[in-house]
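Residue numbers (numbering that gives the first Met the number 0), protein chains in the order written: chain H, 0 to 384; chain E, 0 to 384; chain W, 0 to 384.
Hints in this document: simulated from the structure, not taken from any laboratory.
There's no promise every hint is true.
[Stated by the list, open to error] Chain H side only, calculated, beta carbon under 10 Å to chain W, not exhaustive: (1) Gly51; (2) Arg79; (3) Pro86; (4) Asp123; (5) Lys129; (6) Pro247; (7) Pro250; (8) Trp252; (9) Arg254; (10) Arg256.
Even glycine gets a Cβ: it sits at the ideal position worked out from N, Cα and C.
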Amino acid sequence: MVEIEHRTERLGPAGEPARGAARRRWPWPRYMRAELGLRNYWYPALLSRQLGRRPVVLQMLGEELAFVRDGDGVYCLQGRCAHRGVPFSEGRREFPCTITCPYHGWTYDLKSGKLVAALTDGPDSAIVGKVRLQTYPAIERQGVIWAFIGDGPPPRLEDDVPPEFLEPGAYVGGRVFVWDGDWRVAMEGAIDPSHPFYLHRSAWLSTPFSMPAARGKHFPEIVDGRYLTYSTEVPLPVGDYPGLGRWPRVPWWKRKRLNKLGVWGALPCQSRVVNLNFNLPFETYSWYVPVDRAHYRWFTFLVARGVSGPRRWYAWLKYNLWLKWIYQGQFLRQDSLMNEVMAPFYLEQDGWLKERLHRPDVVITAWRKFVEENARGIQEPGCRG
Amino acid sequence: MVEIEHRTERLGPAGEPARGAARRRWPWPRYMRAELGLRNYWYPALLSRQLGRRPVVLQMLGEELAFVRDGDGVYCLQGRCAHRGVPFSEGRREFPCTITCPYHGWTYDLKSGKLVAALTDGPDSAIVGKVRLQTYPAIERQGVIWAFIGDGPPPRLEDDVPPEFLEPGAYVGGRVFVWDGDWRVAMEGAIDPSHPFYLHRSAWLSTPFSMPAARGKHFPEIVDGRYLTYSTEVPLPVGDYPGLGRWPRVPWWKRKRLNKLGVWGALPCQSRVVNLNFNLPFETYSWYVPVDRAHYRWFTFLVARGVSGPRRWYAWLKYNLWLKWIYQGQFLRQDSLMNEVMAPFYLEQDGWLKERLHRPDVVITAWRKFVEENARGIQEPGCRG
Amino acid sequence: MVEIEHRTERLGPAGEPARGAARRRWPWPRYMRAELGLRNYWYPALLSRQLGRRPVVLQMLGEELAFVRDGDGVYCLQGRCAHRGVPFSEGRREFPCTITCPYHGWTYDLKSGKLVAALTDGPDSAIVGKVRLQTYPAIERQGVIWAFIGDGPPPRLEDDVPPEFLEPGAYVGGRVFVWDGDWRVAMEGAIDPSHPFYLHRSAWLSTPFSMPAARGKHFPEIVDGRYLTYSTEVPLPVGDYPGLGRWPRVPWWKRKRLNKLGVWGALPCQSRVVNLNFNLPFETYSWYVPVDRAHYRWFTFLVARGVSGPRRWYAWLKYNLWLKWIYQGQFLRQDSLMNEVMAPFYLEQDGWLKERLHRPDVVITAWRKFVEENARGIQEPGCRG
Numbered sequence: 000m001v002e003i004e005h006r007t008e009r010l011g012p013a014g015e016p017a018r019g020a021a022r023r024r025w026p027w028p029r030y031m032r033a034e035l036g037l038r039n040y041w042y043p044a045l046l047s048r049q050l051g052r053r054p055v056v057l058q059m060l061g062e063e064l065a066f067v068r069d070g071d072g073v074y075c076l077q078g079r080c081a082h083r084g085v086p087f088s089e090g091r092r093e094f095p096c097t098i099t100c101p102y103h104g105w106t107y108d109l110k111s112g113k114l115v116a117a118l119t120d121g122p123d124s125a126i127v128g129k130v131r132l133q134t135y136p137a138i139e140r141q142g143v144i145w146a147f148i149g150d151g152p153p154p155r156l157e158d159d160v161p162p163e164f165l166e167p168g169a170y171v172g173g174r175v176f177v178w179d180g181d182w183r184v185a186m187e188g189a190i191d192p193s194h195p196f197y198l199h200r201s202a203w204l205s206t207p208f209s210m211p212a213a214r215g216k217h218f219p220e221i222v223d224g225r226y227l228t229y230s231t232e233v234p235l236p237v238g239d240y241p242g243l244g245r246w247p248r249v250p251w252w253k254r255k256r257l258n259k260l261g262v263w264g265a266l267p268c269q270s271r272v273v274n275l276n277f278n279l280p281f282e283t284y285s286w287y288v289p290v291d292r293a294h295y296r297w298f299t300f301l302v303a304r305g306v307s308g309p310r311r312w313y314a315w316l317k318y319n320l321w322l323k324w325i326y327q328g329q330f331l332r333q334d335s336l337m338n339e340v341m342a343p344f345y346l347e348q349d350g351w352l353k354e355r356l357h358r359p360d361v362v363i364t365a366w367r368k369f370v371e372e373n374a375r376g377i378q379e380p381g382c383r384g
Numbered sequence: 000m001v002e003i004e005h006r007t008e009r010l011g012p013a014g015e016p017a018r019g020a021a022r023r024r025w026p027w028p029r030y031m032r033a034e035l036g037l038r039n040y041w042y043p044a045l046l047s048r049q050l051g052r053r054p055v056v057l058q059m060l061g062e063e064l065a066f067v068r069d070g071d072g073v074y075c076l077q078g079r080c081a082h083r084g085v086p087f088s089e090g091r092r093e094f095p096c097t098i099t100c101p102y103h104g105w106t107y108d109l110k111s112g113k114l115v116a117a118l119t120d121g122p123d124s125a126i127v128g129k130v131r132l133q134t135y136p137a138i139e140r141q142g143v144i145w146a147f148i149g150d151g152p153p154p155r156l157e158d159d160v161p162p163e164f165l166e167p168g169a170y171v172g173g174r175v176f177v178w179d180g181d182w183r184v185a186m187e188g189a190i191d192p193s194h195p196f197y198l199h200r201s202a203w204l205s206t207p208f209s210m211p212a213a214r215g216k217h218f219p220e221i222v223d224g225r226y227l228t229y230s231t232e233v234p235l236p237v238g239d240y241p242g243l244g245r246w247p248r249v250p251w252w253k254r255k256r257l258n259k260l261g262v263w264g265a266l267p268c269q270s271r272v273v274n275l276n277f278n279l280p281f282e283t284y285s286w287y288v289p290v291d292r293a294h295y296r297w298f299t300f301l302v303a304r305g306v307s308g309p310r311r312w313y314a315w316l317k318y319n320l321w322l323k324w325i326y327q328g329q330f331l332r333q334d335s336l337m338n339e340v341m342a343p344f345y346l347e348q349d350g351w352l353k354e355r356l357h358r359p360d361v362v363i364t365a366w367r368k369f370v371e372e373n374a375r376g377i378q379e380p381g382c383r384g
Numbered sequence: 000m001v002e003i004e005h006r007t008e009r010l011g012p013a014g015e016p017a018r019g020a021a022r023r024r025w026p027w028p029r030y031m032r033a034e035l036g037l038r039n040y041w042y043p044a045l046l047s048r049q050l051g052r053r054p055v056v057l058q059m060l061g062e063e064l065a066f067v068r069d070g071d072g073v074y075c076l077q078g079r080c081a082h083r084g085v086p087f088s089e090g091r092r093e094f095p096c097t098i099t100c101p102y103h104g105w106t107y108d109l110k111s112g113k114l115v116a117a118l119t120d121g122p123d124s125a126i127v128g129k130v131r132l133q134t135y136p137a138i139e140r141q142g143v144i145w146a147f148i149g150d151g152p153p154p155r156l157e158d159d160v161p162p163e164f165l166e167p168g169a170y171v172g173g174r175v176f177v178w179d180g181d182w183r184v185a186m187e188g189a190i191d192p193s194h195p196f197y198l199h200r201s202a203w204l205s206t207p208f209s210m211p212a213a214r215g216k217h218f219p220e221i222v223d224g225r226y227l228t229y230s231t232e233v234p235l236p237v238g239d240y241p242g243l244g245r246w247p248r249v250p251w252w253k254r255k256r257l258n259k260l261g262v263w264g265a266l267p268c269q270s271r272v273v274n275l276n277f278n279l280p281f282e283t284y285s286w287y288v289p290v291d292r293a294h295y296r297w298f299t300f301l302v303a304r305g306v307s308g309p310r311r312w313y314a315w316l317k318y319n320l321w322l323k324w325i326y327q328g329q330f331l332r333q334d335s336l337m338n339e340v341m342a343p344f345y346l347e348q349d350g351w352l353k354e355r356l357h358r359p360d361v362v363i364t365a366w367r368k369f370v371e372e373n374a375r376g377i378q379e380p381g382c383r384g
């Protein structure tokens with residue numbers, strides 16, 4: 000278990016938002032700088048179904064990147080031609096395994112990023128061989144196109160993506176959305192142990208469940224040097240709050256008890272929830288990929304491992320008819336809305352310094368410390384391919 | 000009567016917009032700094048009908064503020080939870096006279112702003128009592144929710160709101176709009192003596208009226224140390240303009256003579272017009288409340304004092320069927336449109352230094368001087384609750 | 000012929016975008032500063048049909064300008080009243096050859112820009128004669144309203160607008176659009192010799208034409224000290240590109256040969272294309288007038304000189320039924336779209352320093368050098384009337 004700092008305790012006197020001094024004491028400087036994300040990781044870039052025969056140019060970690068399908072491969076390279084900066088979204092395919100800029104016919108090898116022809120300058124063009132675009136390793140697995148945004152040779156995909164997610168036949172379905180907000184706030188929300196039993200009380204899926212008032216202390220721990228998770232004390236079904244009274248009042252028809260969820264966070268921006276209350280052994284995997292400093296791309300997947308035959312059909316139906324809408328659509332959307340409305344606080348109002356944390360945020364400070372100490376790299380603003 | 004400075008006279012040679020030097024000579028430095036408004040005053044925040052059972056979060060004087068109804072009271076506190084910055088627009092009511100943040104259940108006392116529970120951290124949460132939100136005094140009177148945006152104990156509402164406006168039974172109806180523009184420009188337009196007889200010539204209400212060409216000199220004065228008003232010379236019905244000729248040409252059907260309007264301005268951003276040409280003793284009260292530096296919230300009310308019985312019904316009908324649309328809707332909208340199109344000049348093009356004033360602007364410079372010398376405080380950008 | 004610098008050769012090692020050092024070596028400092036355009040030239044401001052009885056206020060070269068018709072003349076003056084900055088778009092006409100601000104009746108002489116009355120201040124207003132607005136010479140010729148944006152006495156219109164364009168009866172039709180992008184990038188695209196035979200392959204007008212692969216070397220030259228044009232080597236119909244193969248593959252139905260186009264560029268931002276493939280002697284004239292640093296106003300005209308009688312009718316019909324849509328609408332729009340998508344590269348991503356040029360860009364570097372050495376003036380940000 001990592002040693003946890005209760006940041007709240009170290010803040011100024013109650014009610015006084017810490018200034019000046021706090022900036023110097025902020026205990027996670029790399030984390031604070033990482034508004035564009037962490038470098039040298041595999042990230043989901045697109046769902047397979049989003050990339051057809053036309054290239055797609057999108058923004059990730061503040062970089063404009065082009066994704067191209069060619070033959071059996073997928074390729075990722077910087078999003079604009081080196082000549083005059085035209086993006087490859089209108090790029091054409093004149094030769095195998097190349098992409099050609101629509102403006103003057105500069106043609107690049109998809110694997111190396113090298114300029115292999117400047118068509119309108121003729122076969123004897125002197126610029127050929129003198130220009131090379133940034134490329135990133137890309138691969139298609141489990142219905143997703145992944146890119147390694149980093150330098151040097153990449154690790155194996157399994158080093159960054161949980162092997163359970165990649166298990167053949169486990170994938171059930173995924174959705175992707177771009178939301179306003181800071182990716183770190185979104186990722187912290189995904190592993191935050193204290194909001195689920197308050198925010199999500201109003202979700203449709205929560206209707207039959209009796210939710211506890213609180214869960215006492217939380218104990219974060221690092222598993223395999225790779226995942227951050229936590230255990231908790233026994234939940235308190237109803238609390239007697241000093242000066243206020245008993246809470247919550249539980250109506251008679253809220254009788255179902257919740258499973259003990261398992262929540263895991265992993266670098267660079269991935270969360271996993273197991274032991275969901277869905278009859279089948281569904282697991283949620285999400286990524287909160289920075290787009291730029293004010294937006295993130297949220298991938299969320301349901302996976303059912305070890306389910307075959309008719310139960311597999313049942314899982315597919317349950318996902319497409321029910322969970323896709325009621326869980327990924329409404330339940331998890333509550334989190335995204337929180338991230339969106341927090342955005343001005345964190346992006347414009349110095350929220351990282353003004354926030355006040357409470358006891359369950361020990362999991363979040365553990366995560367910040369984990370990132371601080373283990374992130375392979377910080378994406379700098381100048382990293383645009 | 001205050002001593003008036005004719006700023007025009009002190010500018011550089013004709014046609015030369017003053018620069019550099021002018022910035023130093025700008026005679027009203029506090030006024031110029033007050034782009035977010037004046038602090039320590041009662042302001043209208045909402046019409047009563049705009050605040051129901053759900054909290055409303057809005058921006059005033061550059062601050063995000065939450066307004067909440069609870070029992071018979073209205074409360075005003077800073078707009079975001081101190082924990083992670085979630086705004087209270089989705090706040091819930093778990094206990095009387097409190098508001099609870101929807102994300103993690105932080106619960107605040109509406110009167111004191113004190114954190115009284117962190118529901119998801121349980122009854123023994125250590126953060127309770129250590130956090131306090133900014134609150135402002137709020138009160139509901141005459142169909143309006145008022146907030147004292149300032150520090151320390153507030154004055155009586157009657158010290159800032161004209162008692163005539165608060166007279167029981169006098170209120171007829173009000174509207175509120177948010178417009179682009181600087182609140183100071185809007186407020187200056189409200190007391191400006193020279194535009195009414197030019198800009199509003201094209202208003203529908205002006206159709207039967209013969210409007211004078213000009214009104215010669217204006218004499219501003221301060222009444223009761225509280226209101227700025229002015230008197231004028233006898234209006235000039237038609238003028239003979241050198242090199243141009245006689246103006247205006249008055250068609251035969253424009254024969255009605257205008258009443259002598261009474262116009263009053265008061266701190267912080269309030270205007271009053273009496274002796275309107277509406278048969279009944281209607282009076283107009285307006286507030287131009289800063290939202291942020293580029294927007295203001297315009298409250299405009301009609302009041303009829305000393306009118307009872309059937310004439311009260313007549314006033315109500317005349318307002319709702321006619322004046323609401325033709326006066327507040329079209330006539331006064333001409334002013335708002337001017338404020339909107341002036342916005343780039345004052346907000347981006349150094350208009351405060353480039354403007355050239357003429358003789359009737361003596362009323363406006365008197366107002367600036369009055370604000371300069373009497374404003375209780377200037378709202379600074381950092382005042383965000 | 001001007002001496003041409005192959006900028007590509009002078010850049011850093013292949014694949015390395017030049018930084019720091021390159022900024023010092025950028026060979027065209029005036030050109031680089033000219034993001035708001037070149038000063039002291041005649042520019043097209045509006046098509047005649049766009050200016051009716053109401054004034055039009057628009058932005059050109061970063062200045063807000065008002066255009067007014069009065070009697071037989073057109074006038075151009077700064078867009079806002081000197082008093083409080085109200086734009087003249089709602090200006091009224093109270094006296095001949097004047098414009099009156101709608102707010103307080105300040106009345107300006109259209110020819111001189113002098114304040115000749117402040118109506119609401121009466122005939123004895125002391126401000127009259129002390130204020131003068133910036134004016135620019137304006138003239139209406141060939142269906143276009145032209146303004147000389149500069150200081151001092153203007154040259155003849157024919158010095159800046161090609162006399163062929165002004166030839167009586169030559170005008171066929173014109174269109175105007177505002178696009179996102181840098182005017183310089185748009186103008187460079189207009190004289191760029193290498194994109195037409197790649198980008199426009201996909202235009203409908205190109206369907207029957209066999210387009211060459213490349214055109215080898217280009218030889219820019221200055222004609223009459225006024226126009227930049229270029230000649231080329233014999234086009235290469237099909238090329239054998241090392242490592243890639245033969246290109247293009249020409250289908251049997253693409254058999255028509257292209258005329259040898261003549262392309263000319265002229266200061267400040269004008270292009271001309273002759274010998275178009277349209278049976279009739281059509282010529283294209285375009286202007287890329289800066290609006291602000293991120294937008295330009297594109298005027299494009301077709302002219303047919305020496306065509307009279309029934310052929311004139313044929314030209315009119317061919318333009319209105321066909322070329323207006325298929326050439327100005329779709330073919331040339333391909334260029335505008337390129338300019339739009341390049342905008343982030345040049346406006347936000349340091350494109351002027353990161354771009355890599357190839358051999359045909361010799362025409363563009365010749366143009367840059369021509370502008371650098373011959374531009375009468377650079378429009379500075381402070382030039383707002």
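Which hints from the list above does the structure break, by number from lowest to highest? 1, 6, 7, 8, 9 and 10
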